[in-house]
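Participant: Chains as they are written, first to last, in numbering that gives the first Met the number 0: chain A, 0 to 161; chain B, 0 to 145.
Worth double-checking, as some hints may not be accurate.
[Stated by the list, open to error] Reference listing, derived: stretches of chain B covered by chain A, where coverage requires no fewer than 3 residues with Cβ under 8 Å from a Cβ of chain A:
#1 92-103
#2 106-119
#3 122-130
[Stated by the list, open to error] Pair by pair, the computed Cβ-Cβ distance ranges are:
#4 B/R144 x A/G126: 46 to 52 Å
#5 B/S68 x A/A25: 48 to 54 Å
#6 B/R51 x A/V157: 18 to 24 Å
#7 A/G67 x B/R51: 31 to 37 Å
#8 B/L92 x A/G126: 53 to 59 Å
Just so you know, these hints were derived from the structure itself, not from any lab. Beta carbons: idealized from backbone N, C-alpha and C, even for Gly.
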Amino acid sequence: MKSVNLGALHALEIPTRTGSLLVPSACIAEVVPNRALAELPLSPQWVLGVMAWRSRPVQVISLEALMGGAGAATDGVPDPVAGRRQRGTGKVVVFYPLPGRNPWEFFGVAACSEPQSRVVDGAVLTGTADGPDNSIIAMTVRLGQSVLSIPDMSALSVALYS
Amino acid sequence: MAEDAQYLRIDIAGAPFLLASRTDLIIEQRENLAVDEGSGAVRAWRLSGLDRWPAIGLDHSLRPLAGDSWRQAVFFGFGPHPVGLVVDDVQILTQSVGVERFTPLGPAPTDSGHLFSGIWIRDGQIVLRFEADALAAFLRELEARQ
Chain A
0 MKSVNLGALH ALEIPTRTGS LLVPSACIAE VVPNRALAEL PLSPQWVLGV MAWRSRPVQV
60 ISLEALMGGA GAATDGVPDP VAGRRQRGTG KVVVFYPLPG RNPWEFFGVA ACSEPQSRVV
120 DGAVLTGTAD GPDNSIIAMT VRLGQSVLSI PDMSALSVAL YS
Chain B
0 MAEDAQYLRI DIAGAPFLLA SRTDLIIEQR ENLAVDEGSG AVRAWRLSGL DRWPAIGLDH
60 SLRPLAGDSW RQAVFFGFGP HPVGLVVDDV QILTQSVGVE RFTPLGPAPT DSGHLFSGIW
120 IRDGQIVLRF EADALAAFLR ELEARQ
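The whole structure should be built from the sequences, with the hints applied where relevant.
Facilitator: What follows is the structure in structure tokens.
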């Protein structure tokens with residue numbers, strides 16, 4: 000079982016319908032309430048839509064759908080009349096552009112409830128086999144009672160942009 | 000980072016989109032077109048000498064639509080012939096529009112790339128800007144399927 004010593008790490012636990020992610024806070028620009036999303040026609044099923052954030056367009060994705068999980072990943076539901084998704088009760092975690100991407104390419108990840116700050120202070124995280132087996136997950140760890148998946152940002156970039 | 004340009008605002012089945020103004024654009028009124036009553040994606044034809052240019056009907060999700068509420072068609076693109084899109088309404092935007100650059104996620108739906116390359120955010124509303132060459136390729140694919 001793989002272990003990693005992260006030192007003092009400020010991170011965010013992002014709850015999704017199929018499990019929680021653990022992401023360094025430095026990757027996160029802001030957590031905002033789920034809001035109406037504009038439909039992006041002909042996009043993959045894991046792209047939930049586009050929202051306006053600080054006068055920028057931000058695409059919101061369902062990580063569980065990207066990983067092949069079933070079902071919707073957001074509380075927003077399609078509006079069949081206007082082709083828009085209506086406001087849900089979850090949150091959107093806005094990520095800074097991934098390494099190597101253009102500076103305007105912020106993107107959002109839908110969370111099913113309020114993300115939680117975590118300080119992994121000198122802790123040794125131990126890998127566990129309980130998490131999802133997917134190429135965009137670098138490893139799954141146990142932190143207290145929680146099982147958290149740490150995304151592989153390079154693999155995520157490949158999945159999002161190719 | 001916004002780009003300024005002149006645009007047409009086109010309404011497709013109730014949803015607004017932007018198309019950059021360009022020299023090969025032709026806007027035609029419905030009454031000047033030959034309506035296609037078939038069940039395919041082509042809703043009308045513009046007769047041009049011995050040639051005819053198709054105008055495709057789409058819904059707000061850009062799926063082929065057999066609806067009949069359109070009033071105009073916008074034709075653009077060259078070779079083998081221009082291709083068109085039937086629309087509810089067309090407005091030439093006279094003011095400068097600041098469009099934010101935008102890269103759609105996921106694979107491009109056409110060999111010519113993604114259909115959208117920018118977004119205009121107006122009072123919080125998202126308006127997608129078409130990439131004209133990719134849109135023309137997409138419409139030609141729909142015409143070929145007919």
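Participant: Would you mind marking each hint as holding or not holding in the structure?
Facilitator: For each hint, the structure was consulted:
1. 92-103: Contact hint for the stretch 92-103 of chain B vs chain A: holds, 5 residues under 8 Å.
2. 106-119: holds (count 5)
3. 122-130: It holds, with 4 qualifying residues against the three required.
4. B/R144 x A/G126: 46 to 52 Å: 49 Å, holds
5. B/S68 x A/A25: 48 to 54 Å: 50 Å, holds
6. B/R51 x A/V157: 18 to 24 Å: Because 44 Å falls outside the window, the suggested range is violated.
7. A/G67 x B/R51: 31 to 37 Å: The hinted range 31 to 37 Å is violated for A/G67 and B/R51, with Cβ atoms some 45 Å apart.
8. B/L92 x A/G126: 53 to 59 Å: 55 Å, holds
When each numbered hint is compared with the structure, violations occur for hints 6, 7.
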